[in-house]
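Each chain, letter by letter, is given below.
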Amino acid sequence: MAQKKKLLQGNEACVEGALYAGCKFYAGYPITPSTEIAEGLSVRLPKVGGKFIQMEDEIASIAAAIGGSVAGLKSLTATSGPGFSLKQECLGYACIAEIPLVIVNVMRGGPSTGYPTGPSQADIMQAKWGTHGDHPVIAVTPSYVQEILSETVRAFNLAEKFRTPVIVLYDEIIGHMREPITIPVPGELEVIDREKVTCEADEYFPYDERYEIAPLAPFGSGYRFHVTGLNHKKDGFPTNDSKQIDANNRRIMRKIENHKEEIWKNEETFLDDAEVVVFTLGSTARSARFAVNKAREEGIKAGLLRPLTIWPFPDKAITELSKRVKAIIVPEMNLGQMTLEVERCSKKADVVGIHRVDGEPITPAQILDAIKKHK
Amino acid sequence: MSTAAPEKKEKVVQPFDYDKYLRPNKLPHIWCPGCGHGIVLKALLRAIDKTGLPKDNIVMVSGIGCSSRTPGYVDFNTMHTLHGRAMAFATGIKFARPDLKVIVVTGDGDALAIGGNHFIHACRRNIDMTVLVYTNATYGMTGGQYSPTSPIGSTATTSRYGNIEPPFDTCEMAKASGASFVARGTAYHTIELERTIYDALMHKGMSVVDIIDACPTYFGRMNKYKSATQMMEILEKDNTVNIKQADKLPPEKLQGKMLRGVLHKVDRPEYCDQYEEHVIKKATSKE
Chain A
1 MAQKKKLLQG NEACVEGALY AGCKFYAGYP ITPSTEIAEG LSVRLPKVGG
51 KFIQMEDEIA SIAAAIGGSV AGLKSLTATS GPGFSLKQEC LGYACIAEIP
101 LVIVNVMRGG PSTGYPTGPS QADIMQAKWG THGDHPVIAV TPSYVQEILS
151 ETVRAFNLAE KFRTPVIVLY DEIIGHMREP ITIPVPGELE VIDREKVTCE
201 ADEYFPYDER YEIAPLAPFG SGYRFHVTGL NHKKDGFPTN DSKQIDANNR
251 RIMRKIENHK EEIWKNEETF LDDAEVVVFT LGSTARSARF AVNKAREEGI
301 KAGLLRPLTI WPFPDKAITE LSKRVKAIIV PEMNLGQMTL EVERCSKKAD
351 VVGIHRVDGE PITPAQILDA IKKHK
Chain B
1 MSTAAPEKKE KVVQPFDYDK YLRPNKLPHI WCPGCGHGIV LKALLRAIDK
51 TGLPKDNIVM VSGIGCSSRT PGYVDFNTMH TLHGRAMAFA TGIKFARPDL
101 KVIVVTGDGD ALAIGGNHFI HACRRNIDMT VLVYTNATYG MTGGQYSPTS
151 PIGSTATTSR YGNIEPPFDT CEMAKASGAS FVARGTAYHT IELERTIYDA
201 LMHKGMSVVD IIDACPTYFG RMNKYKSATQ MMEILEKDNT VNIKQADKLP
251 PEKLQGKMLR GVLHKVDRPE YCDQYEEHVI KKATSKE
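Protein sequence lines, in the order shown, are assigned to chains A and B. Sequential numbering from 1 applies to the first sequence in this note's numbering. Sequential numbering from 1 applies to the second sequence in this note's numbering.
Be aware that a few hints might be false.
To be verified - Below are the DSS-like pairs computed for lysine-lysine, each with C-alpha atoms no more than 30 Å apart in a straight line:
#: 1; chain 1: B; residue 1: Lys-26; chain 2: A; residue 2: Lys-255
#: 2; chain 1: B; residue 1: Lys-55; chain 2: A; residue 2: Lys-234
#: 3; chain 1: A; residue 1: Lys-5; chain 2: B; residue 2: Lys-281
#: 4; chain 1: B; residue 1: Lys-257; chain 2: A; residue 2: Lys-4
#: 5; chain 1: B; residue 1: Lys-286; chain 2: A; residue 2: Lys-196
#: 6; chain 1: A; residue 1: Lys-6; chain 2: B; residue 2: Lys-282
#: 7; chain 1: A; residue 1: Lys-234; chain 2: B; residue 2: Lys-101
#: 8; chain 1: A; residue 1: Lys-6; chain 2: A; residue 2: Lys-47
#: 9; chain 1: B; residue 1: Lys-20; chain 2: A; residue 2: Lys-47
#: 10; chain 1: A; residue 1: Lys-4; chain 2: B; residue 2: Lys-26
#: 11; chain 1: B; residue 1: Lys-282; chain 2: A; residue 2: Lys-234
#: 12; chain 1: A; residue 1: Lys-233; chain 2: B; residue 2: Lys-286
#: 13; chain 1: B; residue 1: Lys-281; chain 2: B; residue 2: Lys-101
#: 14; chain 1: A; residue 1: Lys-5; chain 2: A; residue 2: Lys-128
#: 15; chain 1: A; residue 1: Lys-47; chain 2: B; residue 2: Lys-286
#: 16; chain 1: B; residue 1: Lys-26; chain 2: A; residue 2: Lys-6
#: 17; chain 1: B; residue 1: Lys-20; chain 2: A; residue 2: Lys-233
#: 18; chain 1: B; residue 1: Lys-286; chain 2: B; residue 2: Lys-224
#: 19; chain 1: A; residue 1: Lys-255; chain 2: A; residue 2: Lys-294
#: 20; chain 1: B; residue 1: Lys-204; chain 2: B; residue 2: Lys-282
#: 21; chain 1: A; residue 1: Lys-233; chain 2: A; residue 2: Lys-265
Stated by the list, open to error - Simulated coverage check for chain B against chain A, where a stretch passes if three residues somewhere in it have a Cβ under 8 Å from a Cβ of chain A:
#: 22; region: 86 to 92
#: 23; region: 186 to 192
Since the hints were made in silico from the structure, they are not lab data. Don't be surprised by glycine CBs; every beta carbon is placed ideally from N, CA and C.
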């Protein structure tokens, strides 16, 4: 099968990625600037026998998507900041109950209703800490329309492999930007499906601590088990035993922590000899790339570290880098959410934030100025 | 004890084997002495047994609250979800796997307050699931606050001066929202409840059963009821009339009483069927 070239908007590429990954269930609620994902899947999912439902609200959407996943289908919900706030309750449920799920958050200006048609990158901390309690989080951060497709596929893979919700986090700019992209042919990108349960029914435990991540049997497959948002034992039933609560809380964190190397994905540009490095993601990384190239043309040793996984935070890469560069510049469309994290990880280098919350993108000129100032 | 056994022929009734559907190692349950939830559960299990459905094909979903602990005790595919969200989770499961029988167990606070929006929309879609609303007019698990079905003037830990909020009529709301089967039962009328739940389970579409069920621990104590049995007699027996008897009674005898039995039953297109017949068919047709 030949590759297909298409001129697509970021949100449309997300639809292509979801279908490529084998998504068969979408539940959502209309919200700018992510609605095109729902619109696209409402047309495309039924063509492949998949299920699309527009629920009564954001909470119901993620709840239904979790239900779809428990019933065995790869499930997706998409939203923007205000909807992502509403989804936090169920996001925590999916974390503790260890239900695979992909949540797309196309970031718009906040707080609250904020700036619905304007971009932001202000949900980085909400993605990590929006739901209460300690919990693991994986968030992927594409910068290009092509990458929205491939990162959506990767998000499904990570969700299924680690039995956890995965957030695809990108800003309105790339959500609505159109770029020519290539639709991958089957087999071109890796697609991970849910591990099948093969043991006897009476030997099945959905949270079996003999595994770091026990396989999840779909409801109606002959393995009758219990799912709850309460702290639970290996059989899924609630417990008040402090040792078991501690063990389970630590295990769900560990299953991500222990596999950070595998989950992390960074793009490194000119880092070998760089003295000033820009660390940024999403559409801002596009401005940064332009600025870094300009700086190189002017003989400045600038580089770019672009994380495609923002959670778990790429602390190791930043710590190592900070030992050999003068400054790390962190442009972001918020008031310093990533900058604080970079400061935490930086051992020697100066950390310089560039922040913008006016609904306008950070320009290459802004970043180039900062590079020159800190070279 | 020397008296000879009477010679009349007795019909041999096999006791119902509840253990077939329970998870015995998860018992005892958390419900208080005098709570009707266990009676409702037994009626539900007998009704399920009558349907002949295999346990592997039954999914029970609940929210948060005393009644929502039910799924933990029964040997089906069970999911204890978030406060108010049971019907939204259940919608996802049913839509993904329409071949499964989905039963939602919820309380009046869970279904009608925090979950009110999910309740009316599940009814509107007429998605095939059976929703049992255990109505005890209180938030039992948090210690007895007033609920959306608490009567005006009743006392709760959050209505010490008497409740000023009018209660919902669960059945009227379900009917108005589009549920195609609406019924009411009580924990007192246990055989009738079993039949009502059976009818609900056999109905295709959204079936709602409002089950009047007393909470002696909180509602009872705060509202000066003497005992659990007295509560059942007043709230469940004297305060309700079966719809079939209601026709024969003069209006003054029906004053202030709630109707029991199947109150509303219509054939209406079911959501998953509609999706299959209209959406999938049109999306996959060559034209």
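Against the earlier hints, flag every one the structure doesn't satisfy and list their numbers going up. Those not satisfied are hints 4, 5, 9, 10, 11, 12, 14, 16, 18, 19, 21 and 23.
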